[in-house]
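Engineer: What follows is each chain in one-letter form.
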Amino acid sequence: MKSHDLLPVHTGTVIEDDSLTLEQLCQACGAQADWVVSLVEESIIEPQGNEMHLWRFSGASLVRARSALRLQHDLGVNLAGIALALDLLEELENLRTQLKIRGH
Amino acid sequence: MQYKDYYKIMGLSRDASQDEIKRSYRKLARKYHPDVSKEQDAEAKFKELGEAYEVLKDPEKRAAYDRLGTNWKAGEDFRPPPNWDEGFEFKGGGDASAFSDFFEQLFGRAGFQPAGRGQHGFHAQGQDSHAKIHIALEDSFQGAMRNISLSTPEMDAQGYVQVKHRSLNIKIPKGIKAGQHIRLSGQGSPGSGGGKAGDLLLEIAFSNHPLYRASGTDIYLDLPVTPWEAALGAKIKVPTPEGSVDLKIPPNSRQGSKLRLKGRGLPAKTPGDFFVVLQIALPPANTEQAKAVYQTMQQELDFNPRLSMGVRQ
Chain A
1 MKSHDLLPVH TGTVIEDDSL TLEQLCQACG AQADWVVSLV EESIIEPQGN
51 EMHLWRFSGA SLVRARSALR LQHDLGVNLA GIALALDLLE ELENLRTQLK
101 IRGH
Chain B
1001 MQYKDYYKIM GLSRDASQDE IKRSYRKLAR KYHPDVSKEQ DAEAKFKELG
1051 EAYEVLKDPE KRAAYDRLGT NWKAGEDFRP PPNWDEGFEF KGGGDASAFS
1101 DFFEQLFGRA GFQPAGRGQH GFHAQGQDSH AKIHIALEDS FQGAMRNISL
1151 STPEMDAQGY VQVKHRSLNI KIPKGIKAGQ HIRLSGQGSP GSGGGKAGDL
1201 LLEIAFSNHP LYRASGTDIY LDLPVTPWEA ALGAKIKVPT PEGSVDLKIP
1251 PNSRQGSKLR LKGRGLPAKT PGDFFVVLQI ALPPANTEQA KAVYQTMQQE
1301 LDFNPRLSMG VRQ
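If you're matching them up, the sequences are chains A and B in order.
72 is the number that my numbering gives to position 72 of the first sequence; each next residue is one higher, with no gaps.
In my numbering, each residue's number is its place in the second sequence (first place is 1) plus 1000.
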């Protein structure tokens, strides 16, 4: 028996696609709501739902918002630059995955 | 404590102008930023760079650092000379948790804000914390219990950053995909002023598997087949994470052909598919018998794979 066998088992909840509210997203990345709204206005993250109180974000939006925060904080990139950088990084990631699938 | 050569880290000479320092920082920060860089030690390099810039961008800190002299070598055992900082006043700033003992010895920790990014303060609730965990593909097929270890930097009562290690047993739900998050309520940073603790958000990634690759809910497998199986068609056994299944290879299959086993990918409301990618393996011509078979093919088959290239033979 290993020591961690004695620890309780935590059962989390899966963040399903498009389930995070604006407030939850802010809390999850430690950012203010108006900053998240500016990400939506720049199309950096795209929620489901037309009106702000109906917005729902995906886990992928959370990853993008946190990257955006780091790029702004560490490199001083503005919102348009963040949008471009994240799109290019995502494309790069897709291409790398494709390469792996083709076995290179 | 080891001496750090901040100029060397930034690739600059000691007489670099403030503009050069800024330009060099921007360039290297882009190169080593953990979100952008694929270099292995990018995160460590980025932190080291941040520390060097924190000192060199500030004329006061830079002057004090310069006064240590030029005879130190990077990595050399270092003690600051007495009264080295006489006449300087440093203002805090930066991300204290990231900096080395060398930096702290020189410029202290006072004045630093607790580690963390963005603006905080209006929530009494603790912050959510984040971690990425790698799980085996099989864990998603069957669901699993996994033990994970996390290191979290935390501020103690004196304002020192301590790295705390903890171990958690978590349930991996069936059908989880790479890029999805599991939320563990109350396992994030503790709240302040009686507020409740934040959540721990775990981003899921799959470890490399010797056989399978996942893409969303679809799974890919490279399957070696013989030339006659591909040419004549065959019924063969294929390994899948849920045990082996029968697969019919149609006649005249080609190298790289993709065959789909519907619904045998990751479990979900609409389960993913399992794709078999045929890899034709040639038998070696290492016996007289094998050579004879290849020679027969050479004589009997009119086959030139380079025909479309406009060359003969």
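Please keep in mind that the hints were generated in silico from the structure rather than gathered at the bench.
As the structure is a computational prediction, the values presented were derived from the model and not from experiment.
Where a beta carbon is used, it is the ideal one built from N, C-alpha and C, also for glycine.
Warning: the hint list may mix true and false statements.
What the hints assert, rightly or not - Beta-carbon label-pair distances, calculated as ranges:
{"hint": "1", "chain 1": "B", "residue 1": "W1228", "chain 2": "A", "residue 2": "Q48", "range": "46 to 54 Å"}
{"hint": "2", "chain 1": "B", "residue 1": "G1179", "chain 2": "A", "residue 2": "S43", "range": "14 to 22 Å"}
{"hint": "3", "chain 1": "B", "residue 1": "R1146", "chain 2": "A", "residue 2": "A33", "range": "33 to 41 Å"}
{"hint": "4", "chain 1": "B", "residue 1": "G1263", "chain 2": "A", "residue 2": "L95", "range": "43 to 51 Å"}
{"hint": "5", "chain 1": "A", "residue 1": "A33", "chain 2": "B", "residue 2": "L1211", "range": "39 to 47 Å"}
{"hint": "6", "chain 1": "A", "residue 1": "A80", "chain 2": "B", "residue 2": "L1150", "range": "31 to 39 Å"}
{"hint": "7", "chain 1": "B", "residue 1": "A1234", "chain 2": "A", "residue 2": "H73", "range": "52 to 60 Å"}
{"hint": "8", "chain 1": "A", "residue 1": "N94", "chain 2": "B", "residue 2": "R1026", "range": "22 to 30 Å"}
Engineer: Does the beta carbon distance between R1146 of chain B and A33 of chain A stay inside 33 to 41 Å, or does it fall outside?
Structural biologist: Because 34 Å falls inside the window, the suggested range holds.
Engineer: Hint says 46 to 54 Å; check whether the CB-CB distance for W1228 of chain B and Q48 of chain A agrees.
Structural biologist: 52 Å, holds
Engineer: Taking 22 to 30 Å as the hint, is the beta-carbon distance of N94 of chain A and R1026 of chain B inside that range?
Structural biologist: 27 Å, holds
Engineer: Is 39 to 47 Å right for how far apart the beta carbons of A33 of chain A and L1211 of chain B are?
Structural biologist: Since A33 of chain A and L1211 of chain B have Cβ atoms about 46 Å apart, the given range 39 to 47 Å holds.
Engineer: Quick one: are A1234 of chain B and H73 of chain A within 52 to 60 Å, going by C-beta?
Structural biologist: Given about 58 Å between the Cβ atoms, the range holds.
Engineer: Does the Cβ-Cβ separation between A80 of chain A and L1150 of chain B fall within 31 to 39 Å?
Structural biologist: 35 Å, holds
Engineer: Is the gap between the beta carbons of G1263 of chain B and L95 of chain A within 43 to 51 Å?
Structural biologist: For G1263 of chain B and L95 of chain A the Cβ distance comes to about 28 Å; the hint is violated.
Engineer: Using the Cβ atoms, figure out if G1179 of chain B sits within 14 to 22 Å of S43 of chain A.
Structural biologist: 20 Å, holds
Hint 4 alone, counting from the list given before, is not met by this structure.
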